[in-house]
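Residue numbers (this note's numbering), protein chains in the order written: chain A, 4 to 118; chain B, 18 to 128.
Honestly, the hints are just simulated from the structure, not real lab data.
Hints are not guaranteed to be accurate.
Interface residues of chain A toward chain B, partial, derived using beta-carbon atoms under 10 Å [as the list claims (entries may be wrong)]:
no.	residue
1	VAL7
2	ALA21
3	VAL22
4	ALA23
5	TRP25
6	LEU48
7	GLN53
8	SER56
9	SER61
10	PHE68
11	ALA70
12	CYS95
13	TYR108
14	THR116
Sample of chain A residues with no beta-carbon within 12 Å of chain B, all distances over it, derived [unchecked claim]:
no.	residue
15	GLN20
16	SER30
17	PRO46
18	ASP66
19	LEU73
20	THR79
21	SER90
22	LEU94
23	VAL117
24	THR118
Every residue, glycine too, gets a C-beta built ideally from N, C-alpha and C.
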Amino acid sequence: EAEVAQSPRYKITEKSQAVAFWCDPISGHATLYWYRQILGQGPELLVQFQDESVVDDSQLPKDRFSAERLKGVDSTLKIQPAELGDSAMYLCASSPWTSGTYEQYFGPGTRLTVT
Amino acid sequence: AQSVTQPDIHITVSEGASLELRCNYSYGATPYLFWYVQSPGQGLQLLLKYFSGDTLVQGIKGFEAEFKRSQSSFNLRKPSVHWSDAAEYFCAVGARVDMRFGAGTRLTVKP
Numbered sequence: 004e005a006e007v008a009q010s011p012r013y014k015i016t017e018k019s020q021a022v023a024f025w026c027d028p029i030s031g032h033a034t035l036y037w038y039r040q041i042l043g044q045g046p047e048l049l050v051q052f053q054d055e056s057v058v059d060d061s062q063l064p065k066d067r068f069s070a071e072r073l074k075g076v077d078s079t080l081k082i083q084p085a086e087l088g089d090s091a092m093y094l095c096a097s098s099p100w101t102s103g104t105y106e107q108y109f110g111p112g113t114r115l116t117v118t
Numbered sequence: 018a019q020s021v022t023q024p025d026i027h028i029t030v031s032e033g034a035s036l037e038l039r040c041n042y043s044y045g046a047t048p049y050l051f052w053y054v055q056s057p058g059q060g061l062q063l064l065l066k067y068f069s070g071d072t073l074v075q076g077i078k079g080f081e082a083e084f085k086r087s088q089s090s091f092n093l094r095k096p097s098v099h100w101s102d103a104a105e106y107f108c109a110v111g112a113r114v115d116m117r118f119g120a121g122t123r124l125t126v127k128p
């Protein structure tokens, strides 16, 4: 069964450092999402891609966060500089564009700890 | 703006007992509704979804949910809970854009 891949699974970094997360969606899925999930809360959408284009990044803190999906396949989310409040689980999800059902398939997530 | 409310932060049920997790939503049009489950330290897994048609939908692992437009609710149910059902459950509403998740309900199963 196809899965969404994410790496690394865990990352510890010091504040003010740069950190990057990688996501490989299910093959053929045109829509890709990055979420941030703070412990005890639901996922919060950071950015949504349709192929290589950003559809929604209204909740992305653009002063420190950036995301790209250059070839419309895999994606990278970067934080620079990291702050203590960025400690969270970062989830990637993908969805097939043609299904019209908008169900999302999630990866295992990257647990970020900023010290 | 769309929003999702899960009124129960934590629910404890005995193994074999029935379960109902509540979800209320606010959405401008007919919503697409979802329930996801998350085990500790893992990603989310889709349990079931509703788009149109029959308001009672069946999902995986013996779960079902009922869409009630008049109450803006989409409650998740299971007739007999198993110890392996202990997890965090999230209700979500949205469409092509602007998917919103509730804060989640943590389910504990007593032996």
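Earlier hints that do not hold, by number
Structure breaks hints 2, 3, 4, 5, 8, 10, 11, 14, 17, 22.
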